[in-house]
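Put chain H on the given structure of chain B with help from the hints.
Listed in order, the protein sequences are those of chains B and H. In terms of the numbering used here, the first sequence opens at residue -3 and continues consecutively. In terms of the numbering used here, the second sequence opens at residue 322 and continues consecutively.
Hints in this document: simulated from the structure, not taken from any laboratory. Remember, it's a predicted structure, so these values are computed and weren't measured experimentally. Among the hints, erroneous ones may be present.
[What the hints assert, rightly or not] Taking lysine-lysine and the BS3-like style, the derived pairs with C-alpha atoms no more than 27 Å apart in a straight line are:
#1 B:Lys503 <-> H:Lys367
#2 B:Lys248 <-> B:Lys463
#3 H:Lys332 <-> B:Lys491
#4 B:Lys503 <-> H:Lys346
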Amino acid sequence: MKLDSKVPEGPIETKWNNHKFNLKLVNPANKRKYEVLVVGTGLAGSSAAASLAELGYNVKVFCIQDSPRRAHSIAAQGGINAAKNYPNDGDSVWRLFYDTVKGGDFRAREANVYRLAQVSANIIDQCVAQGVPFAREYGGTLSNRSFGGAQVSRTFYARGQTGQQLLLGAYSSLMRQVGLGSVQMYPRREMLELVVVDGQARGIVCRNLETGASKSYAGHAVLLCTGGYGNVFYLSTNAASCNVSATWRAHKHGALFANPCYTQIHPTCIPVSGDHQSKLTLMSESLRNDGRVWVPKKKGDKRSPETIPEAERDYYLERKYPSFGNLVPRDVASRNAKSMIDEGKGVGETGLSVYLDLADAIARLGEGAIREKYGNLLDMYQHITDEDPYKVPMRIYPAVHYTMGGLWVDYNLMTTIPGLFCLGEANFSDHGANRLGASALMQGLADGYFVIPATLGGYLASTKFGKIDIESKPFKDQEKAVSERTAKLLGINGKRTPSEFHKELGKIMWDKCGMGRTEKGLKEAIAEITALRNEFWKDVKVTASNAEFNQTLERAGRVADYLEFAELLVRDALHRKESCGGHFREEYQTPDGEAKRDDENFSYVAAWEFKGVGAEPVLNKEPLTFDNVHLAQRSYA
Amino acid sequence: MNITLKVWRQKGPNNAGRLVEYAAKDVSPDMSFLEMLDVVNEGLIKRGEDPIAFDSDCREGICGMCSLVINGQAHGPERGTATCQLHMRTFSDGETITVEPFRARAFPPIKDLTVDRSAFDRVMQAGGFVSVNTGNAPEANSNLISHHTAEKAMDAAACIGCGACVAACPNASAMLFVAAKVSQLALLPQGQPERAKRALSMRKAMDEEGFGNCSNEYACEAACPKEIKVSNIARFNREHLRAGVCSDE
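Only chain B is shown next, with the shape it has when bound in the complex (with noise of 0.2 Å):
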């Protein structure tokens, strides 16, 4: 399949305005003929609904939650990017995009990452206009801290809380549609197809997850704005909802699936505490602003840490990147804490955490100002460890928190099926093979505000559509194929739940496909994966019927899109024989541990192609070309 990214011509600096002035209008009167589709509710996709709806479009809006608030861009803790420069550091949309391509380790494509640096100062005026209680200083001007990867200070925040205050924000802006009459909302639906007429995405099936009817919906156009895979290890920051099904479904349709072997591995989450986990807590990176992270220099140094001497700590990330200290991206931060703890040096009573020390700071600021910046963060940690970080170090483990891969999809963000855009986390697009700390609500916003209003209205304009009819055969096929496979989930009556095969899932895949790949373990992966998926298909049990609320079916469909997914994700990290962001393949580092790229022979964006359950499936390429920022080892020393 040739892939068109459909990069528009020109310097970097006006693709964008260019573009926009180029694409196809949809005239004012018109725009209310198009019906939209849009699947997900995070902030990519209420901020694209309540976008269009203003705009004039139809908007359908469906979400897996009982209201659309509750999607998981809720849970960003630490900030949003954008190059505003207030502290007037030195920041620009230049050094944005700049450190983007960079804390990507070079796998992003240059102009949508330009386009969101340019776009990341009006997001937020956009949400200081809706009332989002971003942090203030005294004299009433905005406030800023530092992240991972950059050396300004550039994030926006509230609190610890800035997902939830900006998805609010953004849930504010739909619910006022919702009322308006521009969308109608659908709250407890699952969409488990997607219906392709003609060769366009023209409509989806969903499960109502109260009732359990499914029922087909049309559409011009379809958005998936669902979030990441993150799940697929089981154990993840993730929410329990959170997964790949509406994304895999459209893969299994035709579009790409691109880069899945880039999953992010958040370095400051709090440690596992035993096998009844159901997820892993993170403790946002703006912690690093003023923590700092260390360990014993002795392995197997039991000694609690308020009695370990200054002289005996290593704080191992000031000491190799003195540049950039704690605030080392994540990738980098979360490997150099495998590291210590595969080095002995690992403390808590399992040994695998290291400390995140806020004594310095506490005693610099006073306890009064900590608690203001992080106080809701901390109060979090000690409700789940019984330990007080004010008066102990924290304990921090890395932990799976983002995927930067996705469905594939072009500058005007849709996938390789005409009329499929996808936004977000789900797409691949933005972030290379590591995403910086606070980017990811600078993308969702992005996509949802700035850019799938101007790109969503160039192929409306631009596309001869036929009368659709969810009466019609295609939309009739995918109804019946929902039911035979629900008919199937419900019929085995094996002996095992859902949720234990997950685990399972979730183990072989931290195990060797987490941190540290290996061709080896990535070979062993695949052979236990396809054992795993044929074990579930003959020995899953759900209980109750398909006509009821059931959260078991609904997990046993997850679960089974899961079994499938990993699969490629670990052929797509088996077939990149080179270490970038957060994949990790141990056979390619540089003598101090760092990843080592193969600019050479991988500087492509891997787009998968479906050809059935358990077939290899077919590898695309999408050259990477860089003609803005030069090609170099990163560094952060």
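Same frame as chain B, but now just chain H:
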């Protein structure tokens, strides 16, 4: 730890419900309350019984999806804590714990411990926003907002929309939920143009959904996992009075 649970089971919105007893064995004190229920449910599935339906999502106290009335208290006994952040170490070995759904006329039951809280979304649709279209925003620093005011607005904006305030209130009033949003936007300059209209229309929507009136019980503040203060209700009352008396909305 070994715990005895008495859980509200109700097959569907139109079925009668009742408390059913379950034994939760070998519970670790480090488990969250929901993880304890997960373990009970895994056992039920294996025995071929329908597991207990309950809502949860982020499991870090921010999405507002989890609920439950535990031993008569919305989100359980610990202050400022959502059920998903409540740990079993709060309970003692051998204890009997009663688990019920959030009950209110405006929150109709779905199944077991899950209820329909979409009434909150409809109240928000009536005015819980600033009417600003995308692209129409002025430069972010053009409105100066004092640190103190921004912090107060943030205190109110921290509401997670879980509905514990309604479940805890003897009148099933949604005053704290609505007051938090009205307060946030009344405090900020961005909220001024629609200030009066918002207070009136959100109050009206709240009444139409079947939420009760406020009689100053303060049970809402005690149950709120984000510790939203009842002073927001005072501000909402003031806003509502001001709108009724001083505006032509």
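The hints, checked one at a time:
1. As the CA atoms of B:Lys503 and H:Lys367 are separated by approximately 21 Å, the hinted pair is consistent with the 27 Å bound.
2. Simply put, B:Lys248 and B:Lys463 have alpha-carbon atoms about 25 Å apart, close enough for the 27 Å limit, and the pair holds.
3. Between H:Lys332 and B:Lys491 the CA atoms are separated by roughly 24 Å; this keeps the pair inside 27 Å, and the hint holds.
4. A hinted pair counts as satisfied when its Cα atoms are at most 27 Å apart, and B:Lys503 with H:Lys346 qualifies at roughly 25 Å.
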